[in-house]
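**Q** Residues per chain, in single letters:
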Amino acid sequence: MARIPLLGDTNNIASDGLEGLEHNFVTARIEDLVKWSRARSCWPATFGLACCAIEMMATGAAHYDLARYGMEVFRASPRQADLMIVAGRVSQKMAPILRQIYDQMMEPKWVISMGVCASSGGMFNNYAIVQGVDQIVPVDVYAPGCPPGPETLMHSILTLHDNIQSGELTRRRELNQGGAAIDLDLSPMSAETPVEIVEKTTS
Amino acid sequence: MTETEESNEEVEEKTEEYSGPTSYGVPVTESHDQVVLHPAPTQLLETVTLLKEDGFCMAIDVTAVDYLTHPGRKDLPAGLNPERFEVVVSLINHDQGKRVRLRVQAGTDNPTVPSLFDLFPGTEAMEREAWDLFGVVFEGHPDHSRILLPDNWEGHPLRKDHEVGRIPVQFSPEVGRH
Amino acid sequence: MTNGKELLLGEPERVFRREESPVLRLNEEEANAAIDDTDALDDDHRMILNMGPSHPSTHGVLRLMLEMEGETILRSKPVIGYLHTGMEKTAEGLSYLQGATNVTRMDYAAPLFSELAFSLTVEKLLNIDVPPRATWIRMLMCELNRVSSHLLFQATNGMDLGAVSMMIYGWREREEVLRFFEKVTGLRMNHNYIRPGGVAADLPDGWREDVKKLLEIIPPRLEEYDILQTGQPIFRERLQGVGVMNPAEALALSATGPILRSTGYAWDLRRHMPYLAYDEVDFDVVVGTYGDCFDRFAIRLNEIRESLKIIEQILELMPEGDYRIQNKKVTPPPRARIDESMEALIHHFKIFTEGFHVPEGEVYVAVESPRGELGCYIVSDGGPNPYRMHIRGPSFVNLQTLPHLMEGGLIADGVAVISSVDPIMGEVDR
Chain C
1 MARIPLLGDT NNIASDGLEG LEHNFVTARI EDLVKWSRAR SCWPATFGLA CCAIEMMATG
61 AAHYDLARYG MEVFRASPRQ ADLMIVAGRV SQKMAPILRQ IYDQMMEPKW VISMGVCASS
121 GGMFNNYAIV QGVDQIVPVD VYAPGCPPGP ETLMHSILTL HDNIQSGELT RRRELNQGGA
181 AIDLDLSPMS AETPVEIVEK TTS
Chain R
1 MTETEESNEE VEEKTEEYSG PTSYGVPVTE SHDQVVLHPA PTQLLETVTL LKEDGFCMAI
61 DVTAVDYLTH PGRKDLPAGL NPERFEVVVS LINHDQGKRV RLRVQAGTDN PTVPSLFDLF
121 PGTEAMEREA WDLFGVVFEG HPDHSRILLP DNWEGHPLRK DHEVGRIPVQ FSPEVGRH
Chain B
1 MTNGKELLLG EPERVFRREE SPVLRLNEEE ANAAIDDTDA LDDDHRMILN MGPSHPSTHG
61 VLRLMLEMEG ETILRSKPVI GYLHTGMEKT AEGLSYLQGA TNVTRMDYAA PLFSELAFSL
121 TVEKLLNIDV PPRATWIRML MCELNRVSSH LLFQATNGMD LGAVSMMIYG WREREEVLRF
181 FEKVTGLRMN HNYIRPGGVA ADLPDGWRED VKKLLEIIPP RLEEYDILQT GQPIFRERLQ
241 GVGVMNPAEA LALSATGPIL RSTGYAWDLR RHMPYLAYDE VDFDVVVGTY GDCFDRFAIR
301 LNEIRESLKI IEQILELMPE GDYRIQNKKV TPPPRARIDE SMEALIHHFK IFTEGFHVPE
361 GEVYVAVESP RGELGCYIVS DGGPNPYRMH IRGPSFVNLQ TLPHLMEGGL IADGVAVISS
421 VDPIMGEVDR
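Protein chains in written order, with the working numbering: chain C, 1 to 203; chain R, 1 to 178; chain B, 1 to 430.
Keep in mind that the hints were calculated from the coordinates and are not lab data.
Some hints could be false.
[Unchecked claim] Using 27 Å as the maximum straight-line C-alpha spacing, the simulated DSSO-like pairs for lysine-lysine come out as follows:
#1 B:Lys183 with B:Lys213
#2 B:Lys328 with B:Lys309
#3 R:Lys160 with B:Lys124
#4 B:Lys124 with B:Lys328
#5 R:Lys98 with B:Lys124
#6 R:Lys52 with R:Lys98
#7 R:Lys74 with B:Lys124
#8 B:Lys183 with B:Lys212
#9 B:Lys309 with B:Lys212
#10 B:Lys212 with B:Lys350
#11 R:Lys74 with B:Lys329
#12 B:Lys309 with B:Lys183
[Unchecked claim] What the simulated footprint calls covered on chain C by chain B, stretch by stretch (three residues with Cβ under 8 Å from a Cβ of chain B suffice, anywhere in the stretch; the number is not a length):
#13 37-48
#14 94-101
#15 104-113
We put the CB at the ideal spot given by N, CA and C, even for glycine.
Required output: the full structure, derived from the provided sequences and hints.
**A** And the structure:
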């Protein structure tokens with residue numbers, strides 16, 4: 001049976017002698033190889049918050065099968081994760097914890113803001129919810145939807161892969177010093193400006 | 001039931017000015033076919049004890065309402081002084097499939113009601129929630145602390161004089177949308 | 001009507017203790033002080049352990065403060081609020097028509113139940129009755145939602161106990177139900193389908209075939225679950241006799257739903273205080289015997305079967321007619337009328353900008369969600385927005401049973417207990 005020469009096929013090297021080297025090596029810039037391997041081995045941290053977490057888990061389960069992109073290994077420890085998928089609304093109480101987990105992750109690390117609540121506060125424009133997780137951590141890809149379907153999440157993940165490979169993100173990361181330029185304001189909110197009480201009129 | 005009737009008479013003496021229908025010794029009204037009792041904060045424990053003896057075996061819900069911007073409500077029995085804060089307790093009777101709701105006028109400046117923990121320990125979290133969001137004090141509660149908001153939070157957000165905390169949405173002027 | 005009163009209720013004293021309670025009543029500072037106080041630790045080998053809020057087996061953002069002696073849990077305290085969304089405050093700024101979008105995001109595993117409770121409450125305040133078809137559509141959708149929610153429980157429960165393949169299977173069947181939801185409501189979750197006055201849209205063509213297909217697919221898969229989980233010795237060892245509670249304790253702690261039923265106490269609002277048209281269908285209330293984690297697991301598995309039984313009857317009994325009330329006060333005019341009639345356009349505009357006014361009053365309505373009694377309390381001041389909207393979340397109240405269920409168990413059993421209580425944090429924190 002004829003064998004297709006494969007990368008690193010030692011049998012061919014043995015038979016072809018030194019000539020076999022020509023079809024056994026790929027040359028590339030080291031930078032591109034690093035980006036390629038980073039994009040292809042992106043492990044997400046389990047950071048499920050609300051409704052979006054259910055869709056995130058559905059994406060990892062049988063039907064949508066995130067394993068196709070080498071992404072199904074949700075790591076419980078932030079030390080082992082490269083990608084944080086902020087899936088759901090971030091409350092004021094959760095914000096410091098989110099930042100702590102982000103800080104515990106190893107560089108290089110990326111963030112997907114999944115759903116409108118994480119991206120902008122969504123429909124909950126009130127005292128309890130952080131109006132956009134990009135106030136706390138640098139976000140690389142925003143996935144729209146409430147909640148985004150598994151297809152949307154997969155699309156955002158593929159977008160992230162493309163961006164990692166094109167080096168787009170590494171440039172942007174330098175601008176905000178890897179997220180260090182984003183300060184977390186932990187001062188509590190107060191009710192110093194009470195609402196104006198309008199007398200109810202029966203019309 | 002004899003015990004109930006006896007204590008009915010006792011309580012009725014206290015609320016002499018009220019002449020409407022009473023149940024378990026406190027004024028009673030109906031709201032959409034649901035029984036609503038109106039005990040004073042001092043009567044709450046007594047009324048709930050009577051209700052518990054009468055088969056109301058579970059405290060379903062404890063919450064509060066801030067009537068600051070809606071002072072002239074009409075569904076209170078005549079003679080009852082409406083206060084800013086109202087604590088609403090729901091009990092359920094499994095044997096008869098009945099519910100009863102208690103609306104307690106808890107006060108205006110320092111709303112205070114006795115804790116129901118010793119009768120129904122399941123009210124612990126609900127009372128903490130009412131304290132957290134409305135600032136209603138439950139006397140005798142075993143763990144009177146915030147539950148939903150961070151410990152260092154100032155204010156009680158569900159009060160009507162607490163702002164919603166809305167941040168105005170800004171659209172980019174270059175695109176020409178406002 | 002029997003609800004297990006004749007059974008031995010048991011002693012509720014355990015849950016009434018203040019000082020020696022299994023609830024760890026410490027705040028953050030006191031807990032930190034206890035951790036730093038190394039002398040105290042040397043004495044009795046006790047320590048305080050933090051679990052969560054970002055922990056894979058705490059179902060989202062639940063955090064537990066555990067007082068441990070070796071691997072045994074002495075006292076514990078669920079610390080919640082990490083998903084507090086201020087929904088009750090937001091609800092005061094939304095009209096009654098918009099309100100369902102808000103509540104549906106509370107219990108995201110069973111969103112239709114929150115919408116149902118909210119809609120029933122508003123309808124009670126408005127004093128209107130929805131057409132029979134709307135009622136039966138609501139029942140159909142809610143029972144399917146109960147199926148999908150319990151399938152989600154099977155998946156997460158399996159995952160928490162190490163049966164990872166169960167997670168894959170649970171999600172697989174759930175997708176089948178969600179596909180039907182997407183066809184009917186346009187969304188996989190957070191449907192905003194049940195609204196005051198009826199439902200958002202009629203069932204699509206071919207819905208009967210879709211539902212029949214679901215009824216064909218799911219029962220044999222449940223048999224597979226039985227083989228995989230119920231009959232498996234490791235799985236039983238992890239659950240049987242773990243997290244035991246007696247009926248009196250469950251009643252005292254206001255626990256509802258599968259937790260109350262697992263103790264052998266038959267209480268299901270669908271049966272004992274019927275709403276919608278549950279008095280016209282035949283189903284069984286599943287109860288347990290021992291009140292342990294295994295009973296809670298088995299109840300949820302069998303409730304899927306009961307729900308499928310109800311759905312089968314709904315297929316036969318579904319009436320024809322309108323899917324929403326034709327009351328000009330709450331129903332927007334049909335799309336076709338807007339093009340030809342100025343009044344219809346104004347009417348449509350008015351309903352969607354200002355909203356409809358609801359008479360003054362206050363009312364509490366409860367439904368049986370997959371997690372227990374889900375109640376909605378609305379105070380109306382006569383305006384187009386609720387003056388106060390409160391949701392009694394079953395997960396929030398049921399979470400109080402955690403310290404009592406975990407007391408004296410190992411930390412690995414604690415994971416099984418959290419899983420069997422099945423809290424949805426969106427509903428706990430609201």
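**Q** Starting from the hint list further up, note which numbers the structure goes against and sort them upward.
**A** Structure breaks hints 2, 10 and 15.
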